[in-house]
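Asker: Knowing the structure of chain E, use the given hints to seat chain R on it.
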Amino acid sequence: GAVVSQHPSWVICKSGTSVKIECRSLDFQATTMFWYRQFPKQSLMLMATSNEGSKATYEQGVEKDKFLINHASLTLSTLTVTSAHPEDSSFYICSANGGGSETQYFGPGTRLLVL
Amino acid sequence: AQSVSQHNHHVILSEAASLELGCNYSYGGTVNLFWYVQYPGQHLQLLLKYFSGDPLVKGIKGFEAEFIKSKFSFNLRKPSVQWSDTAEYFCAVMISGGGADGLTFGKGTHLIIQP
Numbered sequence: 642g643a644v645v646s647q648h649p650s651w652v653i654c655k656s657g658t659s660v661k662i663e664c665r666s667l668d669f670q671a672t673t674m675f676w677y678r679q680f681p682k683q684s685l686m687l688m689a690t691s692n693e694g695s696k697a698t699y700e701q702g703v704e705k706d707k708f709l710i711n712h713a714s715l716t717l718s719t720l721t722v723t724s725a726h727p728e729d730s731s732f733y734i735c736s737a738n739g740g741g742s743e744t745q746y747f748g749p750g751t752r753l754l755v756l
Numbered sequence: 010a011q012s013v014s015q016h017n018h019h020v021i022l023s024e025a026a027s028l029e030l031g032c033n034y035s036y037g038g039t040v041n042l043f044w045y046v047q048y049p050g051q052h053l054q055l056l057l058k059y060f061s062g063d064p065l066v067k068g069i070k071g072f073e074a075e076f077i078k079s080k081f082s083f084n085l086r087k088p089s090v091q092w093s094d095t096a097e098y099f100c101a102v103m104i105s106g107g108g109a110d111g112l113t114f115g116k117g118t119h120l121i122i123q124p
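Order-wise, the sequence lines are chains E and R. Offset between the first sequence (1-based) and our numbering: plus 641. Offset between the second sequence (1-based) and our numbering: plus 9.
No lab work stands behind these hints, which were simulated from the structure alone. Misleading hints may appear alongside valid ones.
Straight-line Cα separation of at most 25 Å, PhoX-like style, residue types lysine-lysine; simulated pairs [stated by the list, open to error]: (1) E:Lys-682 / R:Lys-58; (2) E:Lys-655 / E:Lys-705; (3) R:Lys-67 / R:Lys-80; (4) R:Lys-58 / R:Lys-70; (5) E:Lys-661 / E:Lys-705; (6) R:Lys-116 / E:Lys-682.
If you're wondering where the values come from, they're calculated on a predicted model, not measured in any experiment.
The following block holds chain E by itself, in its conformation from the complex:
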């Protein structure tokens, strides 16, 4: 149980294009979903928190207009990197919790490379 998937697992795009990453909770309803970013050889940094049907809460320093988050249902959240630039290249990981649990379960991550 408590499986979280992400799609795609990796993506290469040109600078200036937008990229959408999906995060799904497969066997539970996710009250809250989280988006993290991990730079090479560094830890995960929380970008934003999203609750179904409401606006995401962004961490300080994260541009909400650049990283659009939509939590359309209790099993799906999407992160759209708009007008991507090479410095947006990173590993993006989502997590989800639900059912009253405070334990987060992580997706496998999406590696983004912006050329």
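Answerer: Same frame as chain E, but now just chain R:
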């Protein structure tokens, strides 16, 4: 804001050696504590967690951790490591009751077990 410090960035051990990875956090209130493991090429998996009760918690694969409130520590231990324990280990903290809050991660410890 809370922060997490992991003392060792790289640890190299031989099989059957005992392991202890340090983790300290800074936050004045009640926290939930987690250890996650990331095997090469895989996503983050929960090893163990502490919410309340017995400060010595046991997790999967023979790992355990002890919460020492006075020291703000949550060190991970395993009496005898195996080659398959080679991975990246992350300590994380969340404010207790903050199910809608993201996790704050330490920088991780890269553990290499030599056969």
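Asker: With reference to the structure, classify each hint as holding or not holding.
Answerer: How the hints compare with the structure:
no.	hint	in the structure
1	E:Lys-682 / R:Lys-58	holds, 24 Å
2	E:Lys-655 / E:Lys-705	holds, 21 Å
3	R:Lys-67 / R:Lys-80	holds, 20 Å
4	R:Lys-58 / R:Lys-70	holds, 14 Å
5	E:Lys-661 / E:Lys-705	holds, 14 Å
6	R:Lys-116 / E:Lys-682	holds, 8 Å
Checked against the numbered hints above, the structure breaks none of them.
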